[in-house]
Amino acid sequence: MVSTIRSKVLLSIAILRELNNKVNYYKSVVNKNIDQYNEYIAKTSKIFPEKIRNVEKEVGSLKILHKHLDSISIFLEGIILRLETLTISGNAVAAAVALKDVVKILKKNMKYGPPILSVLVDRLNDVSKSLVLEIENSVEMKGVAIKASSEALKIIEEAKKVSGIE
203 MVSTIRSKVL
213 LSIAILRELN
223 NKVNYYKSVV
233 NKNIDQYNEY
243 IAKTSKIFPE
253 KIRNVEKEVG
263 SLKILHKHLD
273 SISIFLEGII
283 LRLETLTISG
293 NAVAAAVALK
303 DVVKILKKNM
313 KYGPPILSVL
323 VDRLNDVSKS
333 LVLEIENSVE
343 MKGVAIKASS
353 EALKIIEEAK
363 KVSGIE
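This note's numbering numbers the first residue of the sequence shown as 203 and each following residue consecutively.
Don't read these hints as lab results, they were simulated from the structure. Just so we're clear, the structure is a prediction, and the values are computed from it rather than from any experiment.
Label-pair restraints from in silico Cβ distances:
| # | residue 1 | residue 2 | range |
| --- | --- | --- | --- |
| 1 | Glu360 | Phe250 | 44 to 54 Å |
| 2 | Glu241 | Asn339 | 49 to 59 Å |
| 3 | Glu360 | Asp237 | 32 to 42 Å |
| 4 | Lys310 | Ser247 | 31 to 41 Å |
| 5 | Val321 | Ser263 | 20 to 30 Å |
| 6 | Gly292 | Ser230 | 30 to 40 Å |
| 7 | Ser263 | Asn223 | 21 to 31 Å |
| 8 | Arg255 | Ala216 | 43 to 53 Å |
Under the rule of at most 27 Å between Cα atoms (straight-line distance), these lysine-lysine pairs were calculated in the DSSO-like manner:
| # | residue 1 | residue 2 |
| --- | --- | --- |
| 9 | Lys210 | Lys356 |
| 10 | Lys253 | Lys234 |
| 11 | Lys229 | Lys269 |
| 12 | Lys245 | Lys259 |
| 13 | Lys265 | Lys309 |
| 14 | Lys362 | Lys265 |
| 15 | Lys313 | Lys362 |
| 16 | Lys265 | Lys245 |
| 17 | Lys331 | Lys362 |
| 18 | Lys306 | Lys362 |
| 19 | Lys248 | Lys265 |
| 20 | Lys309 | Lys269 |
| 21 | Lys302 | Lys356 |
| 22 | Lys309 | Lys363 |
| 23 | Lys224 | Lys310 |
| 24 | Lys306 | Lys210 |
The C-beta atom is built at its ideal place from N, Cα and C for all residues, glycine as well.
Put together the whole structure using the sequences plus the hints.
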């Protein structure tokens, strides 16, 4: 029973790593686009000054997106590290319950990102829900309310503060 919970938590950590890799990839794409737009601005500012205003708006939007992706990346790195620590220390149930809250935070913060990121969060949500059901249905946990421990909540709050996300 505990081994299946642990394996699903490890699967969730792998999905979180994949999500973090995708976030970092999109950060690099956004950086590349910002650089290209800035180069365009430098080359055409004297020739077409009226077009520059729209390009500068786009650069501003891309910078906001980059900052948001950077915050999510920092949050994910902190959460992955803490969930791995909980799992390795034999507290996979606490990690599984914390994962439920992490998914809520990610869903809230992935509304405006690339669609593949939302797909990964949905996959993580499915695994999280099956984990919670498995914990609720286990013989050892019958009748126990499934809530994140104070340690897990502290981990999530710390990662949120460090990353600056809500």
